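Produce the complete structure using the sequences and hints provided.
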Amino acid sequence: MIQMSKVELRKYFLHKREDISDSEKVSLSSKINDNLCLQTEFIAAENIASFISFRNEPVLAKLVNKSYFFPKINGLDLTFHSDKNGFGANRFGIEEPNEKISKPLNKIDIFLVPLISFNRNLFRVGFGGGYYDRTLTKLLKNKKRPKFFGISYDFQLTESKFESKFDVRLDKIITDKKVYV
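In terms of this note's numbering, the sequence shown opens at residue 2 and continues consecutively.
The set of hints was computed from the structure by calculation and includes no laboratory data. All values derive from a computational prediction rather than experimental measurement. Check before you lean on any hint, since a few could be wrong.
Claimed, not checked - Below, simulated BS3-like cross-link-like pairs (lysine-lysine); rule was C-alpha separation at most 25 Å, straight line: (1) K148 <-> K67; (2) K139 <-> K26; (3) K173 <-> K7; (4) K173 <-> K139; (5) K166 <-> K7; (6) K63 <-> K7; (7) K108 <-> K26; (8) K32 <-> K179; (9) K173 <-> K17; (10) K145 <-> K162; (11) K178 <-> K148; (12) K108 <-> K67; (13) K166 <-> K67; (14) K173 <-> K145.
What the hints assert, rightly or not - Pair by pair, the computed Cβ-Cβ distance ranges are: (15) K166 <-> I74: 21 to 31 Å; (16) G129 <-> D20: 28 to 38 Å; (17) S103 <-> K145: 11 to 21 Å; (18) D35 <-> R170: 36 to 46 Å; (19) R56 <-> S6: 11 to 21 Å; (20) E160 <-> E47: 19 to 29 Å; (21) K12 <-> K162: 16 to 26 Å; (22) R146 <-> S24: 14 to 24 Å; (23) R56 <-> D35: 15 to 25 Å; (24) E9 <-> G87: 33 to 43 Å; (25) K67 <-> G89: 17 to 27 Å.
Glycine residues also receive a C-beta, built at the ideal position from the N, C-alpha and C atoms.
If you want it as structure tokens, here you go:
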């Protein structure tokens with residue numbers, strides 16, 4: 002396969018993702034949620050860092066027995082907040098929680114990380130701002146660190162090796178067809 006740069010991968014897979022219908026998104030998201038709920042670490046987790054679907058990303062369910070926190074851009078990093086005060090769009094058009102108080106990163110059990118593409122080495126291509134990589138890097142040295150689960154449609158898999166020293170490797174990638182470990 003021809004190696005693609007992150008810019009090329011981003012463009013190709015964003016286009017591919019935006020081509021799926023609303024009914025496909027609902028169906029594939031349901032399968033992703035089913036696969037996620039089978040993960041031992043997810044079952045045990047109480048505090049989940051999640052995200053609101055943007056540009057046809059999978060829609061994640063909220064289970065009643067778990068607490069969910071959503072990302073907000075804070076400088077060059079992300080902070081995570083409850084959704085108790087609703088959401089508002091940021092400068093990129095991404096829905097962010099209105100809640101001001103953030104959850105300490107080390108109190109989150111699992112980060113559900115959105116992506117545009119991924120490879121079998123469990124690296125992801127995001128929108129290119131580096132927000133998730135910078136934020137998750139802060140947790141890598143913790144003795145008991147949270148798990149990092151990428152959330153993706155299976156068609157977003159690439160065979161390209163695009164990772165750099167700044168990219169954070171995910172623990173698993175949950176798709177509609179399988180779980181990559």
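Going down the list of hints, with the structure as the test:
1. A C-alpha spacing of about 15 Å is found between K148 and K67, which places the hinted pair at or below 25 Å, so the restraint holds.
2. Under the criterion of a C-alpha separation no larger than 25 Å, the hint pairing K139 with K26 is inconsistent with the structure, at around 32 Å.
3. For the hint pairing K173 with K7, the CA-to-CA distance comes to about 20 Å; that is within 25 Å, so the pair holds.
4. The straight-line distance between the Cα atoms of K173 and K139 is roughly 19 Å, inside the 25 Å bound, and the hint therefore holds.
5. Taken as a hint, the K166 and K7 pair is honoured in the structure, with Cα atoms around 14 Å apart against an allowance of 25 Å.
6. Distance restraint check for K63 and K7: the Cα-Cα separation of roughly 31 Å exceeds the 25 Å cut-off, and the hinted pair is therefore not satisfied.
7. A distance of roughly 31 Å separates the Cα atoms of K108 and K26; the hinted pair therefore is violated under the 25 Å criterion.
8. In summary, the hint linking K32 to K179 is supported, as the alpha carbons are separated by about 9 Å, within the 25 Å threshold.
9. Proximity of K173 to K17 is assessed by CA-CA distance (about 22 Å); at most 25 Å being required, the pair is judged to hold.
10. With a C-alpha separation of about 29 Å, the suggested pairing of K145 with K162 is violated against the 25 Å cut-off.
11. The suggested pairing of K178 with K148 holds, with an alpha-carbon distance near 21 Å, which does not exceed 25 Å.
12. Of the pairs offered as hints, the one joining K108 and K67 holds, with about 13 Å between alpha carbons and a cut-off of 25 Å not exceeded.
13. Simply put, K166 and K67 have alpha-carbon atoms about 33 Å apart, too far for the 25 Å limit, and the pair is violated.
14. A C-alpha spacing of about 17 Å is found between K173 and K145, which places the hinted pair at or below 25 Å, so the restraint holds.
15. As the Cβ distance of K166 to I74 is approximately 23 Å, the hint placing it in 21 to 31 Å holds.
16. Between G129 and D20 the beta carbons are some 21 Å apart, a value that contradicts the proposed interval 28 to 38 Å.
17. Range check, S103 to K145: Cβ separation about 20 Å, and the 11 to 21 Å hint holds.
18. The beta-carbon spacing between D35 and R170, approximately 25 Å, falls outside the hinted interval of 36 to 46 Å.
19. Against the hinted window of 11 to 21 Å, the Cβ-Cβ separation of R56 and S6 comes to about 20 Å, which satisfies the hint.
20. Distance hint check: the CB atoms of E160 and E47 are about 36 Å apart, inconsistent with the given range 19 to 29 Å.
21. About 18 Å separates the C-beta atoms of K12 and K162, a value consistent with the hinted range of 16 to 26 Å.
22. The hinted window of 14 to 24 Å between R146 and S24 is violated, with their beta carbons roughly 38 Å apart.
23. As the Cβ distance of R56 to D35 is approximately 23 Å, the hint placing it in 15 to 25 Å holds.
24. For E9 and G87, the Cβ-Cβ distance of about 37 Å falls inside the hinted range of 33 to 43 Å, so the restraint holds.
25. For the pair K67 and G89, the beta carbons lie near 23 Å from each other, so the given range of 17 to 27 Å is met.
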